[in-house]
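Using the hints provided, position chain E relative to the given structure of chain G.
Order-wise, the sequence lines are chains G and E.
According to my numbering, the first sequence is numbered sequentially starting from 1.
According to my numbering, the second sequence is numbered sequentially starting from 1.
To be clear, the hints were calculated from the coordinates, so they are not data collected in a lab.
Virtual Cβ for every residue (Gly too), placed ideally from N, Cα, C.
Be a bit skeptical, because a hint or two may be false.
[What the hints assert, rightly or not] Quick partial rundown of chain G residues pointing at chain E, CB under 10 Å, derived from the structure:
{"hint": "1", "residue": "Gln5"}
{"hint": "2", "residue": "Gly15"}
{"hint": "3", "residue": "His18"}
{"hint": "4", "residue": "Leu25"}
{"hint": "5", "residue": "Ala27"}
{"hint": "6", "residue": "His45"}
{"hint": "7", "residue": "Gly64"}
{"hint": "8", "residue": "Thr72"}
[Stated by the list, open to error] Here are some chain E residues the structure puts well away from chain G; computed CB gaps all over 10 Å:
{"hint": "9", "residue": "Val28"}
{"hint": "10", "residue": "Asp44"}
{"hint": "11", "residue": "Asp67"}
{"hint": "12", "residue": "Gly101"}
{"hint": "13", "residue": "Gly105"}
{"hint": "14", "residue": "Val108"}
{"hint": "15", "residue": "Met113"}
{"hint": "16", "residue": "Ala161"}
{"hint": "17", "residue": "Glu230"}
{"hint": "18", "residue": "Thr240"}
{"hint": "19", "residue": "Glu241"}
{"hint": "20", "residue": "Arg242"}
{"hint": "21", "residue": "Pro245"}
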Amino acid sequence: MDETQLRLDGNACGGLLHEIFATDLTAARCACSTCGAVGQVGGQHLYGYPDGPGAVLRCSDCDGLLLVLVHTVDRHRLAMPGLVWVDVEGLS
Amino acid sequence: MNQPAPLTWRVATVAEKRPETSSATTLVFDVPDWPGHLAGQHVDVRLTAEDGYQAQRSYSIASSPEDRGRIALTIERLDDGEVSPYLVDEARIGDQVELRGPIGGYFVWDVDMADPLLLVAGGSGISPLMAMLRHRAARSSMIPARLLYSARSYEDLIYRAELDRLAAAGDGLETFLTLTRSRPPSWTGFGRRVDREMLAEVAWRPERRQLAFICGPTPFVEAAAGHLVELGHEAARVKTERFGPTGG
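Here chain G stands alone, though its shape is the one from the complex:
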C-alpha cells in the first residue's frame, strides 16, 4: 500500500503535542523551511501515529519533513528540523 494512504492529519496527534507544549498546537500556524508554505499544524500530514513510537509531520504542500516526536515511557524527544516558526495564539 502507498504510504500516502496511511497518513493522517496533524490534528490527530494534538493530544501527543499537548503533552509537550501544554496547550493546543493544532490551530497554530507554522512555516515550512523547505518550501515556505504557511499552514496550520493540524492540517499538515501525519505519519507513524498512533501505531509507531511517535509522530512524523510533513508539509502538506511539499512533503518536506517538519517535525519528529518520539516518546518512550519516561521521555519525549522532539526534533523540528523543517519548521521556521510556529505561531501560537491566545496564550496569556
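Same frame as chain G, now just chain E:
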C-alpha cells in the same frame, strides 16, 4: 481554550450504548468534570490490559457541545483493531475507560463562523460532522449548510433518521447521499463514489467562500479535497480529517 494546561486522563463511564449500523455503535460516556468541547474535536481513548499493555486511539466526538457532561462517540468496528472491537463488542453500561480531551483546534466549527458550510463524509467520517450539524440545530442557526455523505449501502448510513429530520427542518440544511455499492430500488440519491462532478453539483460556488470539512478514510478525503481545490475553492478553507486506510 488555549490556556496552558495539562491534558489529563479522566475515567469515563459507559452510560449508554446504541447500535447505529451492523458495524458502527454509539457509546455515550459520562465524564466527570468534562470541560465542554467544540464541534469537530476529538478525544484520545486508552485501554489498559491486565498485564499493563496499553492501546490508544482517537475518536471524534459526535455529540453537540450543548450536551453537557456527556459525550457520544460513534465507533466503527475494525476486525483487526486494538480498541474498537472492545468498545463495540465488549464494553457494557457502567464499564470504565480512560479518555482525554477535548483535542484539536483545527477541524472545528462554531455557529459564529458565518460562511456557507460544506460537509463531506465518507462512512463513519460522518461522526464529527454530525457534531457540527447537531450544534447548528441546537443553536437554531440558519447558516446555509450542505452535507454530502457517502456510504456503501442504505443500511450503512449512520444517523439516517436523524439526518432526515434535520434536513426536513427547513432551516437551510440540504443533505445529499451517495451509495457506492448497493441501492434500494426506489433510490433517488447519487449512486457512485464522490467525484469532481458530484462536488461541483453539491458545493457552493467558489465566490461564496464556503468553509469545507471533509472526514473519512484517507483515500476518500484526499480525493474529495483535491477535487474541491481543482474546482477553485481555497485550500486553506478545506479542512480535512483522515481516518487512515480503512477508517475508524
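To see whether the hints hold, each was checked on the structure:
no.: 1; hint: Gln5; in the structure: holds (5 Å)
no.: 2; hint: Gly15; in the structure: holds (4 Å)
no.: 3; hint: His18; in the structure: holds (4 Å)
no.: 4; hint: Leu25; in the structure: holds (8 Å)
no.: 5; hint: Ala27; in the structure: holds (3 Å)
no.: 6; hint: His45; in the structure: holds (9 Å)
no.: 7; hint: Gly64; in the structure: violated (17 Å)
no.: 8; hint: Thr72; in the structure: violated (13 Å)
no.: 9; hint: Val28; in the structure: holds (21 Å)
no.: 10; hint: Asp44; in the structure: violated (4 Å)
no.: 11; hint: Asp67; in the structure: holds (21 Å)
no.: 12; hint: Gly101; in the structure: violated (7 Å)
no.: 13; hint: Gly105; in the structure: violated (3 Å)
no.: 14; hint: Val108; in the structure: violated (8 Å)
no.: 15; hint: Met113; in the structure: holds (13 Å)
no.: 16; hint: Ala161; in the structure: holds (29 Å)
no.: 17; hint: Glu230; in the structure: holds (16 Å)
no.: 18; hint: Thr240; in the structure: violated (6 Å)
no.: 19; hint: Glu241; in the structure: violated (6 Å)
no.: 20; hint: Arg242; in the structure: violated (5 Å)
no.: 21; hint: Pro245; in the structure: violated (5 Å)
Checked against the numbered hints given earlier, this structure breaks hints 7, 8, 10, 12, 13, 14, 18, 19, 20, 21; the rest are met.
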